[in-house]
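*Asks:* Residue numbers (the numbering used here), protein chains in the order written: chain A, 839 to 1135; chain B, 64 to 374; chain C, 196 to 562.
Accuracy of the hints is not assured; some may be wrong.
As the list claims (entries may be wrong) - Below are the DMTMM-like pairs computed for lysine to aspartate or glutamate, each with C-alpha atoms no more than 20 Å apart in a straight line:
(1) 855(A) to 201(B)
(2) 336(B) to 1026(A)
(3) 939(A) to 417(C)
(4) 92(B) to 294(C)
(5) 939(A) to 255(C)
(6) 378(C) to 417(C)
(7) 1042(A) to 294(C)
(8) 331(C) to 1026(A)
(9) 92(B) to 417(C)
If you are wondering where the hints come from, they were derived from the structure by calculation, not from laboratory data.
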Amino acid sequence: MHEARRPNPLFRNLSAKIAAIPMILTALVVFAGGTIWTIIYSFTNSRLLPRENFVGLDQYERLWSSSKWIISIQNLLIYGVCLLVFSLVVGFLLAALLDQKIRFENTFRTIFLYPFALSFIVTGLVWQWILNPQFGVEGIVRSLGWTSFSFDPLYNADIVIYGILIAALWQSTGLIMCLMLAGLRGIDEDIWKAARVDGIPMWKTYAFIVIPMMRPVFITTLVIIASGIVKVYDLVVAQTGGGPGIASEVPAKYVYDAMFLSQNLGQGFAASTMMLLTVLIVLIPWAYLEFGGKKRG
Amino acid sequence: MADVTIPVSAPPVHADEALVGPSGPRPRKVISRRNIILYGTLFVVAVYYLLPLYVMIVTSLKGMPEIRLGNIFSPPVEITFQPWVKAWAEACTGLNCEGLSRGFWNSVRITVPSVVLSIAIASVNGYALANWRFKGADVFFTILIFGAFIPYQVMLYPIVIMLREIGLYGGLYGLIIVHCIFGMPILTLLFRNYFTSLPEELFKAARVDGAGFWGIYFKIMLPMSLPIFVVAVILQVTGIWNDFLFGVVYTRPDYYPMTVQLNNIVNSVQGVKEYNVNMAATLLTGLVPLIVYFISGKLFVRGIAAGAVKG
Amino acid sequence: MMDTSNTPSVAVRGVSLNFGAVEVLKSLDLEVGRGEFLVLLGPSGCGKSTLLNCIAGLLDVSAGQIFINDRNVTWDEPKDRGIGMVFQSYALYPQMTVEGNLSFGLKNARLPKDEIERRIARAAEILQIEPLLKRKPSALSGGQRQRVAIGRALVRDVDVFLFDEPLSNLDAKLRSELRVEIKRLHQKLENTMIYVTHDQIEAMTLADRIAVMRGGIIQQLDTPQAIYSRPVNRFVAGFIGSPGMNFIEGECVADGASAVFEANGVKVPLDRYEFAGGARTGKAVFGVRPEHVMLGDGAGAMPFQSDLTIEIVEPMGSDSLVWGKFGGQNLSFRIDAERAVAKGDVVRIGFDPGRASIFDAGTGERI
């Protein structure tokens, strides 16, 4: 009797399901569908238009024999490792300095973070101008009498990636500092008091107590920086355009150039699939630690 | 216990007694070694961070002859606003010499609807995920969050095809849809976490009172969520205004947003480089996010903290 | 044998603390005897934890001096003051084992290894945490964590222990268990303990003396019994005791040669009441504790008796709390739970005005 008119489970929460349609479409069609589509078409020889002419791993072989791609990967590695190390170290040090109950904390924080609000294009162009060998840093130091001084990263193929790194650090360290500061503020005040009663010097309290306690913050920050590193594109386009020559190419730019400039879609698909692979290598262990671990313990 | 000695009474302090030995706060030197290192470091770093902004401003106010003679850090001898006028109204990209103004208005026409639409969609999504769990919702949400980490390059071309199919490729509407799609993961997460943090009793009470999905959203959740909406607006305005990749991929040159046009002006290989105009143009492009940043202050920090730490 | 000299273990002399324009502590004087267990009791924001932090040296005082063992430590670092401290949130170092937590401070003080081991072994034995030494804090229960936190203070081998609401994060059952243990620890170690809490039961059970604080000022400093039976003002009277003291507003009047408290026609003779400074007249508040009001046969033996209509009965298991009107105002009292009373019953009650407290209606001071 009671169960005579049991509602169809499909229509339970109907409004919520309708409201979630954009999310479902985005997740399934664009994110999952688009990714799978790109991976599949990376095995074709598509050029101007996508074609279903499968050629196995041809595109990947060509990719890894292309010097432009090799340089892109090298650059990404140097840029990635340096950015990771420097932004974490500098970001944490700045956060620790700001956490000393200093005056003008808000002013300093505002100054350190404002570059993060800017576009990578703006950042790239400013640093292009500052590193201009004729008028910028190199020119000024030379005009001060040190005529053999040389600092022209944007025109020297060997060090161009470090020129980009300077700009990237300028833009992103503020964000890392903010995340670290939030982490430091999350440490129980009593821990600091206990360490003071125990007579532990400040640097030891940071090194042996606070930093180990901030492990989750460090890991999350690491993932954020890492996912940003792989995406680096605008900065290179604005600052060097990939030059001099192909010395500052990066994977994201390789993909764009292949797809939209040199009408070589298959190469673009293969290169972007490689990028995806890089991200997954970082992401999967993290997701496992972050979410898999919780379920067990 | 009997051994315990209890002072009979606490004798009041006499004025002369208080003077003996250390009293009051610990003496602190204002100019201590610690303070010199602390504030010295912060000051030097602050200068490093402010330098590019300073260089942009002074360069944009100089004339070209002065730039060729002087160095980039020296303040302008003769202040001129000509570079700003030129950057805004006359600078050329290829054959087009309308200046940055066109890119500015394009960016406005892209940013405003994108911000409104993406926040509207994401807030409803977040609300549905927080309060109206349905079967499978978590699966979609997980895919969505993973999507935030997938390099955009993987999805660039499939979206080109999709937009072409519905006839929106190259125009402003297509780009607006793209911004809504890529803003969705972080915003949905932001709203879901916020709505989850609201007391659940409120939602239950409203349901007992007979309010439905939309009733609760508009009458209960929206009025309580103003701060998180402000955070979302800040996040989206700066994010969409600063975008370059989607602008260059999904729009025709007529509809290029400001960042793309700026890059084309500065990095165009034709003609003589006018560094002052370039810097004025760069500053103009950075002005909108900078204003948002300096006005919003703490909320901006909260936005990136909420968006980033939990992401 | 204990040191029987009369110098205090901890002395606070004229200590003030201001945060900007806010005065948190107002020229406080306090002396704690050697081996004494002193409890700082008060509602949140009364300055009790602040005072403890000042004694520990974790906060700088704005004025005044602090002496520990006759030494002026006002400008000393916490580690040099000869104190150990236990925090509400345990504040254990989460990445270190229990042993690491206990030894970290000692290693920093460059104590010889065998001395460190000896102290840890002793603390572990006293607190019965030997099996836990190799575990990390996350693998301990709340009560075990608090024991380790006490152990960290113990290994410092100091004369003065400071406790900052150490039991507030525990559930009621564990709290009463650890309360007894802290008392046992104090009796065993015989060192000075200063203990901050907002829980009056903890204060009453543990303290040799209690300092009741409000608004940065010590309201009353006395033995638990004295604070219970002779509170100096209405605030202290209301803060101590559960259920709380009954307050009847009325007037002290002279009735011939003797004083009488009158509220809405009900007259309570005050012959047996000891006035603080001689009998007074004027508006006053009459305070009587629920457990001092007797019913039935017990009432007959009391110097003062009256009739009362029962309005509410709250059974509590061991006894029941009964509410009625007295002089037109609410009066509660405790009766045996077995006793059958119901709403509407008219009963005879009685109490001894000599055990009551009378406060000035304006200032709230005891009269």
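*Asks:* Could you run down the list of hints and mark each one as holding or not?
*Replies:* Outcome of the hint check:
A C-alpha spacing of about 12 Å is found between residue 855(A) and residue 201(B), which places the hinted pair at or below 20 Å, so the restraint holds. Proximity of residue 336(B) to residue 1026(A) is assessed by CA-CA distance (about 55 Å); at most 20 Å being required, the pair is judged violated. Taken as a hint, the residue 939(A) and residue 417(C) pair is broken in the structure, with Cα atoms around 39 Å apart against an allowance of 20 Å. At roughly 38 Å between alpha-carbon atoms, residue 92(B) and residue 294(C) are farther apart than 20 Å, so this suggested pair is violated.
A C-alpha spacing of about 14 Å is found between residue 939(A) and residue 255(C), which places the hinted pair at or below 20 Å, so the restraint holds. Distance check on the hinted pair: residue 378(C) and residue 417(C) sit about 18 Å apart at the alpha-carbon level, within 20 Å; holds. Simply put, residue 1042(A) and residue 294(C) have alpha-carbon atoms about 18 Å apart, close enough for the 20 Å limit, and the pair holds. In summary, the hint linking residue 331(C) to residue 1026(A) is supported, as the alpha carbons are separated by about 17 Å, within the 20 Å threshold.
The hinted pair formed by residue 92(B) and residue 417(C) fails the criterion: a straight-line CA distance of about 41 Å is larger than 20 Å.
Violated hints for the displayed structure, listed by number in ascending order: 2, 3, 4, 9.
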